[in-house]
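Going down the list, the protein sequences come from chains H and L. Note that my numbering numbers the first sequence so that position 68 is 255, with each residue one more than the last. Note that my numbering numbers the second sequence so that position 489 is 493, with each residue one more than the last.
Careful: at least some of the hints might be erroneous.
Each computed BS3-like pair below joins lysine-lysine, with the alpha-carbon atoms no more than 25 Å apart [stated by the list, open to error]:
no. : chain 1 : residue 1 : chain 2 : residue 2
1   : H       : Lys245    : L       : Lys653
2   : L       : Lys559    : H       : Lys243
3   : L       : Lys559    : H       : Lys245
4   : L       : Lys193    : L       : Lys361
Source of the hints: derived by calculation from the structure; they are not laboratory data. Only a predicted model underlies this, so the values are computations on that prediction, with no experimental measurement involved.
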Amino acid sequence: MIVADSKPFHEIEQMLSEFKKVYIVGCGSCVTICHTGGEKQVAELAAKIRLTAKLKGKSIEVIEDSILRQCEWEFIEEVKNVVEDCDAVLSLACGIGVQYMAERFPNVRVFPGVNTTFMGGPTEQGVFWERCAGCGNCIIGTTGGLCPVSRCAKSLLNGPCGGSQNGKCEVSQETPCVWNQIYDQLDTQQLLSTMENIVPPKDWRTGAENHPRKMVLEHLVMKK
Amino acid sequence: MIMNNPNTKTDTYSCEEAPCVMACPIRQDARDYVQLIARGLFKEAFRLVRERNVLPSSCGRICTHPCETKCRRNDTDAPIAIAWLKRFLGDNYSEKVGVNPNQKYPEKIAIIGAGPAGLAAANDLALMGYSCTIFESNPTPGGMLRMGVPTYRLPRTAIDKEVEFIRQMGVEIKYNTALGKDVTFDSLKKEGYAAIFIGVGLLDSRDLNIEGANYDGVLKGISFLREVNSTGTAKIGKNVLVIGGGAVAMDCARTALRLKPEKVSVACLESRKEMPTTDFEIEETIHEGVALYNSVGPKRILGENGKVTGLETLKVKYVFDEQKRFNPAFYENSEVVIEADTIILAIGQTSNLFFLKNQEGLQVSRGGTIIVDPNTFVTSIPGIYAGGDIVLGRGTMTESMAHGKKAAISIHNALRSEKRKDEKWGDKPEVPKLADTRVPLIKKEQKQDMPMLSLGERLNSFDEVELGFSPEVAVREAQRCMNCGAGAVVDENLCVGCITCVRVCPFDVPEFRRGETTAFIGGDCQSCGLCIVECPAKAIRFKTPLEDRGIERLKSLFADTSTKNTKPVIVNFFCQYSSFRDNSESNAIIDKHVKRIGILGLGKVDPSLYLNALEWGADGVLITACKDDECHFCAEYEWIKKRSEYVGKILNELGMDSRIFQTHFISSQTDTTFLDIATQMVKDIENLK
Ligand code: SF4
Ligand code: SF4
Ligand code: SF4
Ligand code: SF4
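Let the sequences and hints guide you as you build the complete structure.
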């Protein structure tokens with residue numbers, strides 16, 4: 188899933204400072220699951236916004252809502268009337284959802300309420316880790332199912348580097364060295380010898396080097 | 005207030021019914037009134053009880069409480085004292101249950117007998133809008149409650165209060181008026197009664213047809229009780245033996261004890277386990293000094309010069325045969341004599357059908373009970389209904405009330421050609437047994453003891469033995485209830501399948517059942533509310549409006565102008581599981597400045613609500629809860645702490661003074677009280693200005 192972090196509140200406050208009627212809309216998918224953009228978070232943020240306005244002697248009307256997925260035209264169409272009745276939209280969806288809103292409602296100012304951070308998942312309640320960088324050419328079949336592109340600080344394909352210490356990454360003691368983990372995993376699978384194969388440089392053109400990427404499924408495309 | 009009428013909603017929001025409710029013959033809302041008591045909402049609880057139960061005080065004392073037998077708390081430690089809690093309400097509250105003055109039907113209904121069945125029927129018919137007259141052969145109301153139940157178990161003031169209640173609803177009671185003597189079916193019809201309900205009970209003790217039963221000194225249990233209950237004494241010898249193992253036998257023995265003979269014993273066919281009365285009742289009887297002979301059957305009564313000298317008994321092989329029918333068998337040559345100069349027969353009651361003399365057409369069974377249609381309670385004569393012991397043969401007080409209630413609806417339906425139903429009696433799945441794996445996760449909490457009269461005081465008078473719960477004890481006891489079947493529920497349309505609820509529940513209740521994409525919360529939910537707050541999709545809610553989680557009360561607090569005009573005003577969210585003493589404390593400062601919102605488990609409160617309080621006008625928010633090891637749910641403490649820290653950070657971010665938001669965990673072991681904390685906080689906030 189896509190993981191997003193709440194934006195610092197002062198930033199949100201600044202973005203909304205000139206508006207009187209704001210529509211805060213959550214997204215019922217990834218960001219709900221990572222507890223930063225769901226129904227509950229919308230309510231909390233709305234309370235914060237109103238409380239701040241009150242402290243500053245301002246008035247602001249906040250409309251709270253959440254929809255199933257903001258990255259679908261059909262779903263955002265449902266909130267058209269509310270949106271067009273507001274001065275601004277604060278979307279708690281990932282960057283994709285925010286852009287859908289902005290594109291669909293060009294006459295309304297749309298702001299992001301979260302910082303979209305990475306693709307990952309919860310490893311325990313409340314803790315999320317990056318797991319994939321969307322490189323467009325997945326190699327984890329040869330690395331024991333662990334992704335060095337997203338989980339190695341240097342995205343090394345032939346790790347570990349000399350900075351790996353006691354299973355931790357030299358960049359942060361909190362980060363496990365994925366290459367150490369890959370080693371252990373291959374060991375368990377009795378595939379350690381494969382570590383000796385030198386992996387040639389990866390073709391990064393399928394990845395983030397090649398923005399914007401596009402996928403077309405010809406067999407599904409319908410004639411207009 | 006939290007709710008208007010919780011009763012009307014129960015059936016729509018709960019898909020599984022609590023076993024305590026299902027076990028009750030009148031389907032009393034045991035769970036919901038217990039939950040109301042747990043919140044200190046005594047009046048509301050009383051009203052809820054009274055809506056279905058015309059005799060709460062009496063019922064709370066002498067009901068055999070099948071609800072407690074079925075209570076799911078049996079699996080963790082001990083059942084909730086459901087009956088004693090009802091007694092607490094009945095004794096201390098008397099909220100009126102109003103008859104709707106705009107709903108009046110022209111028909112008059114005659115009720116024969118002012119016992120539990122008759123009173124229940126009269127009450128329900130009066131509530132529906134009928135005028136009812138009760139014809140009672142005795143000079144006082146209550147039926148068996150007054151004639152048969154000793155005063156040390158049921159003080160007459162309790163019956164009188166409840167009957168007065170019914171009278172105030174417009175029900176007329178004509179005493180000293182017996183059917184078959186002073187009135188007849190025909191005379192009642194001529195007087196314009198559109199229907200008659202017979203609830204006369206079983207008036208006589210069953211006879212024992214053995215040798216010597218006619219000796220001087222052999223008494224009948226019911227007559228004996230009736231005599232003592234109305235005159236305060238009866239003639240007995242020095243050595244009294246009661247034959248029988250049921251509640252009436254225990255009543256006879258304990259009543260006899262109070263007349264101060266040298267010895268009182270009880271002999272019954274049943275083994276201790278088989279005896280048809282509650283354990284508690286048997287234990288109290290023994291505790292008071294009665295000797296108990298189990299598994300012995302009476303062979304003959306021995307006597308000299310026409311006077312009783314003892315009972316010859318046989319040892320019992322079994323009481324019930326393989327088909328579980330009552331069919332006792334004895335060992336041969338096992339004769340043993342129990343000496344006695346008085347023998348009281350308490351082996352059951354039987355009907356006295358004198359009232360049917362010269363009244364043709366009413367079908368009666370061979371056992372002397374009136375035959376009725378089991379659904380409508382109509383007898384073989386249209387327009388005449390019957391219920392209670394005269395139909396049951398041997399029933400309980402609550403079963404009799406159930407007959408009265410069901411007959412009342414049936415009479416209404418017959419008179420109005422309606423098909424009205426009491427939904428409570430409908431079939432509903434019961435909350436299943438507590439999962440074995442769950443039991444160790446639930447904190448054991450001792451059942452509250454009933455305060456009792458000392459042994460010495462008991463035997464010297466007919467004063468009530470069980471003294472009743474104080475409000476504190478009642479609340480403590482009620483707070484043990486697990487709110488079975490009324491806990492959290494997932495809205496499948498909102499759940500995004502994030503698994504948070506599964507992870508946070510301290511009792512491992514939420515689950516993803518195979519093939520389902522949304523979480524499911526079963527009947528073992530303990531209503532701690534943690535998952536409800538943590539669910540990022542707000543997809544979980546409580547099934548009952550009882551659990552308002554503070555939101556509605558906070559809203560109405562600030563809708564009140566007096567709150568807005570008070571400066572400063574502090575909202576205190578406190579956990580109602582914390583000691584009752586703390587929660588009832590107050591002083592002038594607190595009364596004025598601190599608005600208290602009690603929640604049964606602070607884990608139910610969304611931290612956003614603390615922000616809302618400040619947003620709506622509070623100058624401060626004070627959270628008070630128990631210390632970790634005293635937390636009712638064990639796990640909530642951590643969450644309350646975590647959430648407070650979180651809100652503290654938010655307020656800091658907004659530049660607010662940290663003194664306006666305080667969280668205190670108060671231990672019952674330390675001297676710091678709520679009073680100290682709240683008074684200090686009021687000062688803190690006044691200093692801010
Ligand atoms: S190799 Fe690329 S696609 Fe595969 S997990 Fe890593 S970043 Fe994602
Ligand atoms: S715990 Fe409460 S709701 Fe559950 S069966 Fe017992 S009294 Fe009823
Ligand atoms: S916490 Fe809420 S959204 Fe997540 S699985 Fe449970 S019910 Fe569904
Ligand atoms: S309310 Fe509490 S006990 Fe019930 S499912 Fe949620 S977390 Fe578990």
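For each hint, the structure was consulted:
A C-alpha spacing of about 22 Å is found between Lys245 (chain H) and Lys653 (chain L), which places the hinted pair at or below 25 Å, so the restraint holds. A distance of roughly 23 Å separates the Cα atoms of Lys559 (chain L) and Lys243 (chain H); the hinted pair therefore holds under the 25 Å criterion. Under the criterion of a C-alpha separation no larger than 25 Å, the hint pairing Lys559 (chain L) with Lys245 (chain H) is consistent with the structure, at around 22 Å. Under the criterion of a C-alpha separation no larger than 25 Å, the hint pairing Lys193 (chain L) with Lys361 (chain L) is consistent with the structure, at around 17 Å.
Checked against the numbered hints above, the structure violates none of them.
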